Structure formats: structure tokens, C-alpha cells
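What follows is each chain in one-letter form.
2 protein chains.
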Amino acid sequence: MTDPSGSPTRSQWSARETELLAVTLELLQQNGYERLTVDAVAATAKASKATVYRRWPSKAELVLAAFIEGIRQTVVPPNTGSLRGDLLALGNAIRVQSGRHASTVGAVLPELSRNPALGDAMEYVFVDQRKAVMTEMLRHAADRGEIDAAVISDELWDVLGGYLVSRQILPGRPATEATVTALVDEVLIPSLTRTIHTDR
Amino acid sequence: MTDPSGSPTRSQWSARETELLAVTLELLQQNGYERLTVDAVAATAKASKATVYRRWPSKAELVLAAFIEGIRQTVVPPNTGSLRGDLLALGNAIRVQSGRHASTVGAVLPELSRNPALGDAMEYVFVDQRKAVMTEMLRHAADRGEIDAAVISDELWDVLGGYLVSRQILPGRPATEATVTALVDEVLIPSLTRTIHTDR
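If you read the sequences in order, they're chains A and B. Residue numbering for the first sequence follows UniProt numbering, starting at 1 and increasing by one per position. Residue numbering for the second sequence follows UniProt numbering, starting at 1 and increasing by one per position.
Extracted from the complex, chain A is given alone in its bound form:
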């Protein structure tokens, strides 16, 4: 399932299937996981139940396909020519995307402990895909001499995304473009350009 190049994968679904997944996301956001039924998805999309069940035999499979499809459309690795430009572009893409899907993430989170397949799907979206994009971006910055390659961290590559997602899914302080700019200029760039002691 993972695409190691980090580039956005092409959709595996037909136009009709993509429409069913969009309806699923919409109903999920309105009603939450618990109250979503495959029958309601079929009825809203004016599809036969058989069509839906043939593709996605269970609600969990339908929901995770919808979720991955919803996110897939916005995973594009930036390539602006500078680290700052790339971080701003990626940060704003994550901000918009997680703002749009905040209620879906919220609707799906309680289900994770009961449903390992959904957990794997979320991990794919929030870990594997983003790590590939971020690592590629930082490697380009190191190639350009903007940062020391030693700052690329297996532990903390996701501060940009993790922090922005927390602002979007917790109540009260949705991130703005100014949030992303401040995060890049006041936190990430000072961190990524810090002095590294190489005598480790």
C-alpha cells in the first residue's frame, strides 16, 4: 500500500466509486462512525446496496477507503526550490487538508482501538505518506546545503504536521496561514539550522 517515492498515488477507483466514497465521507462527518450505515450511503448516492457491498464488504472497509481517498487528493510533495518555501507549502497543504477532514478524523478516532484495519489506514495517511514527503524535502535542502543532513530525525520529522493537526482537531484555535508562517520561521527553521555537534 505504501508508495515509497512519496508521490501522490493515482486513484484506484472509477468515477462512480469515487462518488460513493465522497458520499461516505460526507455522511461520516454528519453522523459519526457509529450512526453511519452502508444502506444510507447507497440510498444517498442512489446506488444499489449490492454495488456498495460488492466493493466494500463491511462498513469499516468502506470508511477506510473513503478516508484514504479523501486525503490522497491533497498529498503533493512541494518543490519550491527553498526549504522555507517547501515548509510553507507543505504546512499550508496540511493545514487546509486537516481542517477539512478534522471531523472525519474525530469520527474515526474512537473506532481505532476496536478496529486495527482503520488504525493501519490512519497510520498510512498520517505516518508513512507524510514521512516520505518530509524526508524527501529535507534531503533536497541538505543537497542544496541549506541544512546539515544530520538534523533529519527519525523521531521528530513530523513536528510540522503533528502540531498543525492538533490545532485543527482540538477545539478553539484552528491554524491560519500566519500560524504556519510563524511555525516555519520561529520553530522549524531555527531547529533545522541549529548547530549540530558531530562528535557523537
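Since the hints were derived computationally from the structure, they do not count as laboratory data. It is possible that part of the hints are untrue.
[Claimed, not checked] Partial selection, computed: residues in chain A whose CB lies under 7 angstroms from chain B: (1) Leu36; (2) Val38; (3) Ala42; (4) Thr44; (5) Gly106; (6) Glu123; (7) Ile152; (8) Glu155; (9) Ser166; (10) Pro171; (11) Gly172; (12) Glu186.
Since we're looking at a predicted model, the values are computed, not measured. Even for Gly, the Cβ is constructed at its ideal location relative to N, Cα and C.
We have chain A; now place chain B onto it with these hints.
What follows is chain B alone, placed relative to chain A:
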């Protein structure tokens, strides 16, 4: 409701009420918000329904009281004498606390859009309380000359907590003590000790 000193507020509940709130948290983590009933809380705690309903007339009020009580017990502003020590202490407290309550946060998130009182309670826990603690800590560091007071940011005071919460509630990569140490040494200290241009 806000305690401007940022110090942990004393519980307003009796021992018996605290017990009911603990049972509520437990059932919430097991079953999610949707499937939780006040009757089940009363039955599990061997209390009469009237006792529970007299204190908390609705499920939403019961849940938010339980949630605030669960978090209250761990909001302690650190005072280790150094910025690094304070950040490590607070980071580890947030890591442990949000790891413990990850499933509750998950259970409550889908309810937020439908229930403004719950949203306000989460905002109190995740914004007001933490901001008071963090601001006090940074002011002490500025007083000791460890940082320039100009780095204290209204936009980004919550990078420590926001990032750690995202690691605890999203699947796949729960934060460890090493995560907190790396976050403090590689991200927060370089950010807070960066050169500030004061000719703004």
C-alpha cells in the same frame, strides 16, 4: 472557571462523586460517548440513578465533569530552576496525561460539533490551563535571562503540548521520554533561544 495562576485547582467533588466520575471515564474509554448511558454509570458504581442525575442532569454534563476531573489531577506547573528542566518536566507530564486520556479525547471529539459545552470544556483543558502554565514557565526563564521575553508567542506557545497530544491520539507512534527530550533539545530550545530582531 479559569484559574489565572495556572496552579492546579482543588477538586470540587466529594469522594463519592469523584468515584462516579472515575467510573464515567472508564466506561467512556471502553464504549465511547455514544454508547455511554447515565444508567450504566449508576449501575457500575452501585449508586442510585437519582444520585447521579441530581449532580449531573445530562450525559454531556457528566462526561465533561469526568473529563475535567481526570485532567485536573495532573496539571502541575513545574519549577525546576531551568528552562530545559521545566520543559522536560511539563512535556513528560503532558505525554503521560494525554497517553492515559487518548481514548477519552477520541471518544469525546466526535461529540464536539454537536455539543458546545463539551467544546468549551476541552478548550479550557487544552488551551486556558496549558497556556497559563507555559506562559508562567517562559516568564521565569526570561527573568533568569535564559531567553529573550520577545520569544514568548501568542501564536505558538503550545508547540510542546500540541505536538505531544498529536503523537498520543493519532495511531502508530506514541511519544516516549526520548521523544520529549529530543523535542526540547532539538526543537524548542533552538527556537526559544534564536536571535530575535528587535528592530520591528
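Are there hints from earlier that the structure breaks, and if so, what are their numbers?
-> The structure breaks hints 1, 2, 3, 4, 7; every other hint is satisfied.
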